[in-house]
Each structure stands twice: as structure tokens, then as C-alpha cells.
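J.: Given the coordinates of chain B, work out where chain Y should sit on it, guided by the hints.
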Amino acid sequence: MTPNYEPIREKLAKNEVVVLDGAIGTEILRRNVSWADHQLTNNPAVIRSIHEDYITAGADVFTTNSFQLARRFLLNHFRDIDHMRRIGARGLEVRAEGLLRASVELAKEARARAGKGRPVAIAGSITTLEWCFRPDLSPSADQARIEYREIAQVMKEAGADLVLLETVNNVMEAKVAMESFREVGIPAWISFVCDSEGNLFSGETLDLAIESLAPLKPDAILVNCAPPNDITAGLRFLTSSASLPTGGYAHIGRFDPPEWLFTDEFPPEEYLKAARRWIDMGARIIGGCCGTTPGHIALLAKSLR
Amino acid sequence: MADRSYAAIKERLEQRYSVILDGGIGTEIVRRGVRWRQLGLRTDSDTVQKVHEDYIAAGADVITTDTFQLTQRLFLNLFHNLEHMRHIGRERLEHQAEELAIKAVDIAKRARGNQAKGRAVVIAGSIAPIQHCYRPDLSPPYAEAQREHAETAALLAQSGVDLLLVETMNNSTEAKAALQAAKRTGLPVWLSLIPGPGGSVLSGESLADVVNALEPLGPDALLVNCAPPEDITAAVQVLARHCKVPFGAYAHVGRYDPPSWKFEFHPQFVDTEGWSPDRYAEVADTWREEGATIIGGCCGTTPDHTRVLRQKLVAVEQS
Chain B
48 MTPNYEPIRE KLAKNEVVVL DGAIGTEILR RNVSWADHQL TNNPAVIRSI
98 HEDYITAGAD VFTTNSFQLA RRFLLNHFRD IDHMRRIGAR GLEVRAEGLL
148 RASVELAKEA RARAGKGRPV AIAGSITTLE WCFRPDLSPS ADQARIEYRE
198 IAQVMKEAGA DLVLLETVNN VMEAKVAMES FREVGIPAWI SFVCDSEGNL
248 FSGETLDLAI ESLAPLKPDA ILVNCAPPND ITAGLRFLTS SASLPTGGYA
298 HIGRFDPPEW LFTDEFPPEE YLKAARRWID MGARIIGGCC GTTPGHIALL
348 AKSLR
Chain Y
88 MADRSYAAIK ERLEQRYSVI LDGGIGTEIV RRGVRWRQLG LRTDSDTVQK
138 VHEDYIAAGA DVITTDTFQL TQRLFLNLFH NLEHMRHIGR ERLEHQAEEL
188 AIKAVDIAKR ARGNQAKGRA VVIAGSIAPI QHCYRPDLSP PYAEAQREHA
238 ETAALLAQSG VDLLLVETMN NSTEAKAALQ AAKRTGLPVW LSLIPGPGGS
288 VLSGESLADV VNALEPLGPD ALLVNCAPPE DITAAVQVLA RHCKVPFGAY
338 AHVGRYDPPS WKFEFHPQFV DTEGWSPDRY AEVADTWREE GATIIGGCCG
388 TTPDHTRVLR QKLVAVEQS
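These protein sequence lines map, in sequence, to chains B and Y.
Residue numbering for the first sequence follows our numbering, beginning at 48 and increasing consecutively.
Residue numbering for the second sequence follows our numbering, beginning at 88 and increasing consecutively.
Bound-form chain B, shown alone (with noise of 0.2 Å):
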């Protein structure tokens, strides 16, 4: 474990709320820029600027931006690999790797330079290995296994301090890429999404995925990826079996993809509510979706702690 991580698991262990940052995808395009390349070398200085501003609003932990940034993500766009040798932009191969260690490096960057000597711990994003709110196109457990390692391996020598798999939407995926959490040996957050039920879209239950998680004993459980509600509901489930650390993070606004509809119906103040209503569950980690701000943050900050 890095130092950077210990003071977080103290803070938890003493049941005292850990702030998570908010969006780092929309909050790109909040600042007008596209995110079709995650911007990590074409526009570096725009995340670094947007890490800052998490980690100046108070974030006790703050994510890379590397959510869907594998090497399965390009891929998917040919045929299959001689496809994309044929008539693929040259380096596309091992462009992946070389974007997640660089969003590594943009986050320690950003930490050096607004830290302050305050513990802040930099989360490596992982996602749902296809498509976040699809469980049915999800690969075979052995073929996730072998990417999900691939990916916390890189985190890892880049120098994350955890991983946060985040937005994952069924239990075999959240399960084989914890064991290769611990078998590269770095300390693990798993997020769902969930539906306005509290259920996964897998259509199995958190009950189910907790104790499906707990022998392998993830550092913490969240819930993600959905209007406050229903984050409200995924957490009634997550703070009645859990007996690990829990959290959430609701997005605010609507899809639209391929982007985002910011709308005014979360100010911050109106966020903050729901995170208290969170709180008073149980959830100890709490932090902003797609849609969210720094200006989320930082009255979290200021008011949960």
C-alpha cells in the first residue's frame, strides 16, 4: 500500500467521511473541450487543472481520467486486431497503456501542485470492461480476468494508490476483477450502477454482489452512475448487509450522448441533501457522477466533515 492511501483507510476505519471528487468526463466538456481522446496528451493541461480544482475543493480522493480507456475500447472499433493493423492510425495497439499511465502521471502532477501537503489519494477509474450500462455484452470471466490485471497492473506501476472499478454492472465482472485487484496487490474500491430499484442491471441484487465480494474483501463498496434516488435506494441495500466501508455517487443532469445535459435541478446545495440522507444511512465515501462539479465538492467538503 502507498502512503498516500493509509491516512484514507484510517479515516474509515474511524467511521469519518472520506470525499470522493465529481465528474472528471463532463466536467471536460463542461469547460468546452471534447473528450473523444480523454484529452490526456492533446489537452493535458485541462485535467490537470480539473484534478486541481477536486483535490482544491477538499477531495480526499480523486480518480484518474481513464474511465473506458482499455485496450478493448479501440479494438472495438475493427474487425479484429489484423483489421485494425490494415487500416488503423499507427500505435493504436498500444495507445491504451500509454493513455492510462498518462493519466497517472497528470494526476500526481496535479497533486504536487495543489496538495499542500494534505493527504490526497489518487484512485486509478476502471470501468465495465464493453459498455457500463450493458451487462449483456459483457466477455467471458476468463477473458476479464485477464484484461481487468492488465489494466491494475499499469495503475499500479504508474503509481495509483487504489483502483476504483467503478460503474460495473454485474457480479461476475466485479468478482474477477477484484482477485486481480489482489493478485497485483493494490487497494480496491468497486462501484456499482444501479437501477431506481437498487438492483443491478445484471438483474442481480447488491445483497448478492456483496456477499459474492466479501471473501475477497474490496476496501470499500459503492453504488454509481445514477440519479440521486436511486443511489439513495442502491444504498439502503449496500448499508444494511455491508460490513465494509460504503459510499456513493449519484450523476446529476441527463445522458446525451455522446455527451452530457447539464441541468439546474442539483445545485450544490440540493446535492448535498441527498448526501446527507446518504450519510445518515451509513455510506462513509461520498463524491459526484457525471454532472457534478468542484463546486459539488467543495460544499461537501466544507459541510460533511
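Hints listed in this document are in silico derivations from the structure and should not be mistaken for laboratory results.
Just so you know, not all the hints are guaranteed correct.
What follows is a set of in silico ranges between Cβ atoms, one per label pair, in the way DEER data are often shown [said to hold, decoys possible]: (1) B:Gly206 with Y:Ala300: 49 to 57 Å; (2) Y:Glu317 with B:Ala188: 36 to 44 Å; (3) Y:Glu317 with B:Ala92: 37 to 45 Å; (4) Y:Val357 with B:Ile128: 13 to 21 Å; (5) Y:Gln324 with B:Ala92: 24 to 32 Å; (6) Y:Tyr229 with B:Arg323: 53 to 61 Å; (7) Y:Ala300 with B:Ser187: 27 to 35 Å; (8) Y:Ala300 with B:Ile128: 47 to 55 Å.
Cβ coordinates follow ideal geometry from the N, Cα and C atoms, glycine included.
T.: Same frame as chain B, now just chain Y:
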């Protein structure tokens, strides 16, 4: 109106004169600095119209609508299901594809109104594979493909296109389904396949077999597109041997550079400099020599490619 526009093109094809199809639409919109979302139709319709106008000014006889893969499924694919789309998606998202397709045809008509200057310019409604064009493995079964393509074809026909261009088809099942669905509108239909290397279709099927299976269904032309020029050249030789209907080709240039977010086909091609308009026209002229009469450009090509192509092919025919 629609019939008259196509009649002129049909006559040229019967006389075995070259008909110039436009070049890349999506890649050209992106090259002009547009942030790619909803095919540029919601945020940058002026640029979309200008791209069409530039292709007409460059000498295209046929322009294609900015409707590649614009179906409800394009958006639905990103949600758990329709209910989830309604729950977390933007309002009216389930109707967006339809609304944008109508707008895309309007934009093409406006471009023609501004730039055709009395010349016969045909508007082809672009219909792409239901799933990612480079993923034959994701192609839906026949009945499902036919139902969805029929919806798109009917919408484009009602919006006033002159011709349907079913393009970038990657396997015979979906190509047949789309062709039959498009034919039902009563409009002329051109069908274009993506070749793999060595005279195959991207699915691995034999191009000759697929051509033989499609011709009885009554396409007005068969083409190949969205592969590098060398693969297109090999495929044109197969078309030349097997097609009884007019045939044609349009290659992509450069290399496909998809974004690291997985959001369907993203028309970004890099390293296109290797294929200057002159070099492209040279290779396209060899397709003409093989008997191809419909020639244009796919991803990465620009109005400059169309201009030089027209000069070269028309000059040959006039000499």
C-alpha cells in the same frame, strides 16, 4: 422532381459515362474543426451544409446525406433499454435520430438549391449498417435488420431524397435485408459493400458470391467502399467480372483513428496526406478502366479530391 434528378444520372450510367459521387462527409465535418456529436447536425448544421455545397461545387453529381448510422439504435445502444433511456436520458432522445435525419435531408436540399446552378445533382440518402460498420459480428439477424432498415429507408424517402445509398455493408445477410427494405420505397437503390483484402467482404464471405446473391434483388448499382485504395482496386476487379448492373467504388484514405471512448463510428482519419487528390485520381482512373462508372471518395477524402477526380475522369471521356 426526385425522378427527374435521377433520370439524368441513370442516362449517364447507361451510356457508361462516369458519375461522380461526393467524398467523405463525417471526416470532412471533423476536419473542419467540428466536435463530433449527433453527426454535427444539432450544433453545426452550417458546416454540414457547406461541406455539401463544396462537394457540389467540386463537381459531384451525387451528394450523400449526413445520416450515416443515424438510427434510434445508435443512441439506444448506450442505455440498458428504452425505459432506462427515458429515465436518465435527454428528453425526446428516442426521437432524436428521426428528427435529425429529416434535418439532414433538408440541409442537403438547401445545399443543392444554393450550389447546383441548374446542373442535375442527386441527393442520396445514406443508410449504414445498424451496428458498427467494421463489426460484422454484431450485425443483427435478417428480420430485425430488415425492420430497422425499412424504417430508415421510409423516413429518408419521405424526406425527399432521390436515391438511397445503402453503404458500408459488411456481410451478405444485412446487405440483403437493407437492399430489400430500401427497394420497397420505390426509389432507386445503390448498395455498397466493405471489401476485406483479397476479393472478400469484411465478413470473410466471397465478394463474388455476395454480388451474385444481391443482383437478383434489383439494386440499381453495386459498389465497394470504406477500405484502402489497394483493397478497393482488388474488389473492383471482382465487380467487373461479376456485375451486370452499373458498379462503382469509393475508397477511404489515411488511417482510422477512433477515439478512446467507445461511442460507435467516429469519423476521424489521420495520415491522409499520403493520398493527394492527384494520386487518388490516378488510382480511381484504373477503376474506370475496369468498367466502374460510379466513382467517389470515402472517409478522409475532401472536396479537392472530388474536383481533381472529376477533371481527370471527365477529361478522359471527352478525349
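J.: Run every hint past the structure and note whether it holds.
T.: The hints, checked one at a time:
no.: 1; hint: B:Gly206 with Y:Ala300: 49 to 57 Å; result: 56 Å, holds
no.: 2; hint: Y:Glu317 with B:Ala188: 36 to 44 Å; result: 40 Å, holds
no.: 3; hint: Y:Glu317 with B:Ala92: 37 to 45 Å; result: 40 Å, holds
no.: 4; hint: Y:Val357 with B:Ile128: 13 to 21 Å; result: 19 Å, holds
no.: 5; hint: Y:Gln324 with B:Ala92: 24 to 32 Å; result: 51 Å, violated
no.: 6; hint: Y:Tyr229 with B:Arg323: 53 to 61 Å; result: 54 Å, holds
no.: 7; hint: Y:Ala300 with B:Ser187: 27 to 35 Å; result: 34 Å, holds
no.: 8; hint: Y:Ala300 with B:Ile128: 47 to 55 Å; result: 29 Å, violated
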